[in-house]
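Visitor: Here's the letter readout for the chains.
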Amino acid sequence: MSTYAQKRGFGATLWDYLTTVDHKKIAILYFIAGGFFFVLGGIEAMIIRIQLAIPNNDFVSAGFYNEILTMHGTTMIFLAAMPLLFGFMNAIMPLQIGARDVAFPFVNALGFWLFFFGGTFLNLSWFLGGAPDAGWTSYASLSLASEGHGIDFYVLGLQISGFGTLMGGINFLVTIINMRAPGMTYMRMPLFTWTTFVASSLILFAFPPLTVSIFMLMFDRLFGSNFFVTAAGGNTIIWEHFFWIFGHPEVYILILPAFGIFSEIIPVFARKRLFGYSSMVFATVLIGFLGFMVWAHHMFTVGLGPIANAIFAVATMAIAVPTGIKIFNWLFTAWGGSVSFTTPMHYALAFIPSFLMGGVTGVMLAVAAADYQYHDTYFVVAHFHYVIVGGVVFAVLGGLQFYWPKMFGTMLNETLGKITFWLFFAGFHLTFFIQHFLGLWGMPRRIYTFLPGQGYELSNLVSTIGALLMAVATVVLVINIIITVKKNERIGNDPWGDGRTLEWAIPSPAPFYNFKQLPLVRGLDPYWIEKMEGKKGMTPAEPLGDIHMPNSSIIPFIMSFGLFVSAFGVMYRLDYAWGLPVLIIGLVITFGSMLARSLKDDHGFHIHKEDLIDDDNEKGVKA
Amino acid sequence: MAMKWLSKWRLLSLFTMLAFVLSGCGLPHLSTLQPAGEVAQTQYDLMVLSTAIMVGVIVVVTVIFLIVLFRFRRKDDKIPKQVEGSHKLEIIWTVIPILLLLVLAVPTVKATFDLADVEAMDQKNEEGKTDALVVNVRANLYWWEFEYPNEEIVTSQELVVPTDEKVYFNLKASDVKHSFWIPAVGGKMDTNTDNVNKFWLEFDSAAADEAGELFYGKCAELCGPSHALMDFKVKTLPRDEFDQWVADMQDVKEPAVAQTPKAQQGQEIFNNSCIGCHAVTPANTTPEAARMAPNLTNFGERDYVAGLITMENNEENIKEWLRDPEKYKPANKMTGTYGELSEDELDALAEYLLGLKVQE
Amino acid sequence: MHAEEKMTYEKWPAAPEKQTLEAKNKFLGFWFFLGGETVLFASLFATYLALKDRVPSADHALAKDLFEMPLVFLMTMILLTSSLTSVYAMYHMKNFDFKKMQLWLGITVLLGFAFLGLEIYEFNHYVHEFHHTFTSSAFSSAFYTLVGFHGAHVTFGLAWIIALMVRNARRGLDLYNAPKFYVASLYWHFIDVVWVFIFTVVYLMGMVG
Amino acid sequence: MVNTQTNSGNPETDLKYRRKKNAEEMRHQVISFALMIVFTLIAFLAVGYEGFSAWFAVPFILVLAVVQVGFQLYYFMHMSHKGHEAPALFMYSGVLVAFLTIICFLTIIWW
Ligand code: HEA
Ligand code: HEA
Ligand code: CUA
Ligand SMILES: [Cu+2]
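The listed protein sequences correspond, in order, to chains A, B, C and D. When the letters of the first sequence are read in order and numbered with the numbering used here, they come out as residues 131 to 753. When the letters of the second sequence are read in order and numbered with the numbering used here, they come out as residues 27 to 386. When the letters of the third sequence are read in order and numbered with the numbering used here, they come out as residues 893 to 1101. When the letters of the fourth sequence are read in order and numbered with the numbering used here, they come out as residues 12 to 122.
Everything labelled a hint here was simulated from the structure, so no lab data went into it. Note that the structure is a prediction, hence the values are computed from the model and not measured. Please note: incorrect hints may appear among the correct ones.
[As the list claims (entries may be wrong)] One side of the interface only, derived from the structure: several residues of chain A facing chain D at Cβ under 10 Å: (1) 190; (2) 194; (3) 307; (4) 315; (5) 317; (6) 336; (7) 339; (8) 371; (9) 372; (10) 375; (11) 379; (12) 381; (13) 412; (14) 416; (15) 435; (16) 437.
[Stated by the list, open to error] Derived BS3-like pairs (lysine-lysine); straight-line CA-CA distance at most 27 Å: (17) B/107 with A/661; (18) C/1072 with D/31; (19) D/31 with C/903; (20) D/93 with C/1072; (21) C/918 with A/154; (22) D/27 with C/898; (23) B/101 with A/666; (24) C/991 with A/730; (25) A/666 with B/104; (26) D/27 with C/956; (27) D/31 with C/956; (28) A/548 with B/104; (29) C/918 with D/93; (30) C/992 with A/730; (31) D/32 with C/992; (32) D/93 with C/903; (33) C/918 with A/155; (34) A/661 with B/224; (35) D/31 with C/898; (36) C/1072 with A/730; (37) C/898 with D/32; (38) D/27 with C/903; (39) C/991 with B/224.
Even glycine gets a Cβ: it sits at the ideal position worked out from N, Cα and C.
Produce the complete structure using the sequences and hints provided.
Guide: Encoded structure:
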């Protein structure tokens, strides 16, 4: 049954992680895989910047550049940013609401492995004849014309990892609705939980259109259908709509959890409750809602006509209002507070002006008639890196520093953390600020080189230098992590001293059953409330009893592996005789393991209360 | 000696470029910040308006931010008052942004409709033609074709337009999606594979003067390896000179006969290897599908080879292009379609091509 | 109360599908999944509507040439009825009557197979009579994808219900498998919901022209 | 989890009562099924009957479909019962996105 001994060999640890259904371990898996893909996407970004450092450069070839560019965007969005945020959701959200686990531990593991195999499949394209090269948006006319199997890797890889994301989303939704501790009403949920909730809803409704359109692209490329083949009556604009019906909510899927992380960091280090909690919640929901009605702002130049453009322009602008509410609420949380400048707080504070700049250029882009100028230029590149790096990446880096103790029981070094911060911060602005101007001076995006004499030389060089600073910052972060793991200095429940929410009330790292007794929640910031009343911890809401836990299982891994195998079959079906059999074998593996899962009862196991009592301050349990 | 001159020239251009960076407006023939026509002007005005609003927002947030940064540093271990929120403040920062956005939204909607007004294209006179000047733009993998349906002529790579009047465009793509953009003159519009898009531009004569009568145009939609190099140029002429140009073009009914023996040799090679794709007559009677390459009728009058600003149109560059187009535009559709050419043949072709002119 | 506990009629709760926490989670999660499926099918419908009758040349069959009322009517009746039979199954599940539940589920499955058989016949007919194949036009691609996705759902639903019936044939109802039956029946109803729109939007509107 | 069923204290009457409730509900289900069949018939007839123009028939059969789906969801799938607030919220959100998508594809895909 359970394998929770303290010291284990590598093989056993590996097996443990391959079969785990524990949300905290799955979180670590998400961090490892997401972190790896972040570095990969970052290296791709460096290649982009080196190529563009000087005019007429030939560091990479034109075709290869397009592959790098596509993989940078795709990797960063689907394989780095989202999984890293999923890591936080898994690691923190259940603790914040006082849950023992997520609603579907098995599905949680399945979600991770699907993402992992999807991402792996996508990246294998580098070694198997070339990566996708039609941009992360993969607009249909170009992606149908693209030769080789690059786009097929894109289609199949994203399909597989997309299923994983969808499952993760549903899982979080149910967890939040059904598994809250006694007293944890909706309006007492920490903001990170709220943003997880809204982001998960966005996933639920945004991924199906992507699924459908990716299916259609796959059918067109591999099975001879004609959705996007204009000669046979098809229409490529369909793809664009689907992509953005998904794609715009997607950017809020990224930014909302980031908002959530900052909403946790700022109150802790300002020692003040979140200003305007209910309007923060309301703004989050409103952003999610409006996020579905603005997608065509990516398509102003497609020729949808002035009516559609005007409607979508105005709708887009509306999003500035709830976002502004959030910005001001954060500022006024710190206002009147007692602000301590830790590394996480550095990121949180730097986020405000940085994201603001990206946000206001977003509103400028929403001016449809002016977007005819901005669209597909470096102005847009500047906009979205400002919101994504200044918002999401800062949140990931700040959140990592902030929650590291809760996840691993040690503290990342603060000095090194601040060095990372300042390098990253400076590099970020240096890289992307100047790009606004490049765009306005007429430099299109997605160009593998630029010709001399157009006034782009100096600015591009500056941009490249900034990017290198970000790389150095990342290296410092990696060093910091290595040092911290080596040193292994253990810390207590509430290492920052001012933790407010439930996760800080339990040991670091949390025991695998999270809460020995479910806590009784008496208000917003429950742990803070207890501390202010002089108590040491939470009041339990239930007597000590047996704890029901799910069994670990290798099936999620096998199920995902089956799809991974069949993807090769689908792709090579027309090229090689072995394609079809492989396709079938893969599906048999997947559906077979699905069947096995549903036929074999899995009732989990119980930790007996006797085993709990005597290990008051230890992590493990004798199983 | 030549090297030295070159490096000096480079230094000079670096300085001028620096000057532009400092002035922040970019180059007059390329930058959206130096509007050279009504459309670009409208858009520029919107940019200025929105930037002003945004700077206002940034200033307000920055002031609050700085106060937070300096006034509320932790000094002691006291627990600050736990404030729940403030309705008054909430209302302020909900209502003010709404007002600001309204100020922005109204001109946005107006401009969006104005720029989409192409009614003049539908008003046909008794000949079934429009009184307004119409250009059909067809985007192809890495080259542009400009057809003047009323005038019944075709040209490529360099769009020729009259100044100070509205020019209307029909836009489409023949292979994959591209996007037609002349930054200094107005925003872009996609050339789709599914439909024909319409819009208009206006080229201001004074601004054209400053830009040297030649604007840079670009493809703004990823379309393959040479997307970066899918540039075109726009030549602006006063209306009467434009009419003259049209008349000169229309005069070419048959391929012009080369004058010098060398050029005649070139023409022969051309007729053997190239004419299958490249036309040297401007008539728009060949069906589009058969117009597989840039029309070269007035090639000798173009400023650049294949639209590349690094390839000024001279003998050396033409030969360079013909030797290996792949080197200049990766994955272009001409590479490898016409066999090896000897140096001699290259000379001949270059001379022939340079002689393809319609105006004196 | 443990889920795997042996059940008797007296102990059987009023809402067996939502008795344990696991069951509540499954119930809610499945509804959310259906919310996502709604958008999935909407995307397919939208594509179909955008590509309806878009064919490369005039000699291709259009919607009004293809569809025949009697067949569609029969398919509709069969599927609608199967929705009712699965309601009967759940009725008996609530009354802890395992045998009858299995019986009604069995009828549901038979009806499902009948529907599927007709659909296969129908597709075959289009291919052979009209050369309306998956690859012949944008219209045909959209048609087969929409209706085929629905057919795939029917197939999956059948496999699922059969697996449940076989797996639990000997042990009867308990609180562990009751939510499984319930959720499978929700899925079956949802398939019917989609079909209502398919017969309306694709077939009937196709025949109207 | 605690047993949440209503309890009169007397399991006998309780069960009887529940049985009766269930049977009653089943009767409702059959009625809604009958209505659905009728709606379907009307829809097919409306299309089969030559006298109606498409302008009438199409909206008419769409309304019938929506009503019928309402029956499926609220009766067959028990969305009318309590405990379905979250499912209802998410189904309606899904319908909203679905609606936007379809409207868009009917209006701004072709020119
Ligand atoms: C995390 C990601 C993220 C976020 C949060 C946003 C946020 C916003 N984005 Fe951005 N966007 C992207 C990621 C993101 N975007 C990406 C990746 C692309 C390019 C995709 C591609 O083509 O590859 C893109 C492209 C993009 C375009 C298309 C440009 C083009 O291709 O032509 C547009 C156009 O409207 C736009 C608008 C906006 C707006 C209005 C917001 C708003 O949400 C911003 C709101 C925030 C503020 C406005 C600041 C705070 C507000 C106040 C302080 C109140 C007062 C303010 C005012 C009154 C103005 N974005
Ligand atoms: C989450 C999203 C995300 C993130 C974080 C980033 C991060 C970065 N991006 Fe990215 N970008 C996109 C999403 C993102 N980008 C998207 C969607 C596109 C559009 C794609 C398209 O058009 O299709 C794009 C496009 C894009 C372009 C435009 C290319 C073009 O149009 O031709 C550029 C150019 O400068 C760029 C640069 C960068 C840089 C310098 C970073 C930096 O912030 C990266 C910083 C990270 C690192 C520096 C880590 C590297 C680490 C090391 C190097 C460590 C050394 C290694 C070891 C120790 C092993 N990006
Ligand atoms: Cu053509 Cu880019
Ligand atoms: Cu967007």
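Visitor: It remains to establish, for every hint, whether it holds in the given structure.
Guide: We went through each hint and held it up to the structure:
1. 190: The hint is violated - residue 190 of chain A has no Cβ within 10 Å of chain D, the shortest such distance being about 37 Å.
2. 194: With a closest approach of 34 Å, the residue 194 of chain A hint is violated.
3. 307: holds (6 Å)
4. 315: violated (15 Å)
5. 317: violated (16 Å)
6. 336: For residue 336 of chain A, the interface hint holds, since the closest Cβ of chain D sits about 8 Å away, which is under 10 Å.
7. 339: Holds, because the Cβ-Cβ distance from residue 339 of chain A to chain D comes to roughly 7 Å (cut-off 10 Å).
8. 371: holds (6 Å)
9. 372: holds (8 Å)
10. 375: holds (6 Å)
11. 379: holds (9 Å)
12. 381: This interface hint is violated because 16 Å lies over the 10 Å limit.
13. 412: violated (16 Å)
14. 416: violated (13 Å)
15. 435: holds (7 Å)
16. 437: holds (9 Å)
17. B/107 with A/661: Holds, at roughly 15 Å.
18. C/1072 with D/31: holds (24 Å)
19. D/31 with C/903: Between residue 31 of chain D and residue 903 of chain C the Cα gap is close to 17 Å, so the pair holds against 27 Å.
20. D/93 with C/1072: Holds, at about 20 Å.
21. C/918 with A/154: holds (21 Å)
22. D/27 with C/898: Since the Cα atoms of residue 27 of chain D and residue 898 of chain C sit roughly 22 Å apart, the hinted pair holds (cutoff 27 Å).
23. B/101 with A/666: Holds, at roughly 25 Å.
24. C/991 with A/730: Measuring from Cα to Cα gives roughly 22 Å; hence the hint holds.
25. A/666 with B/104: Holds. Residue 666 of chain A to residue 104 of chain B sits at ~19 Å (cutoff 27 Å).
26. D/27 with C/956: violated (54 Å)
27. D/31 with C/956: violated (49 Å)
28. A/548 with B/104: Status holds; Cα separation ~25 Å.
29. C/918 with D/93: With Cα atoms ~17 Å apart, residue 918 of chain C and residue 93 of chain D stay inside 27 Å; holds.
30. C/992 with A/730: Since the Cα atoms of residue 992 of chain C and residue 730 of chain A sit roughly 24 Å apart, the hinted pair holds (cutoff 27 Å).
31. D/32 with C/992: holds (18 Å)
32. D/93 with C/903: holds (22 Å)
33. C/918 with A/155: holds (23 Å)
34. A/661 with B/224: violated (67 Å)
35. D/31 with C/898: holds (25 Å)
36. C/1072 with A/730: holds (13 Å)
37. C/898 with D/32: With Cα atoms ~25 Å apart, residue 898 of chain C and residue 32 of chain D stay inside 27 Å; holds.
38. D/27 with C/903: Satisfied, since the Cα-Cα distance of roughly 13 Å is no more than 27 Å.
39. C/991 with B/224: violated (68 Å)
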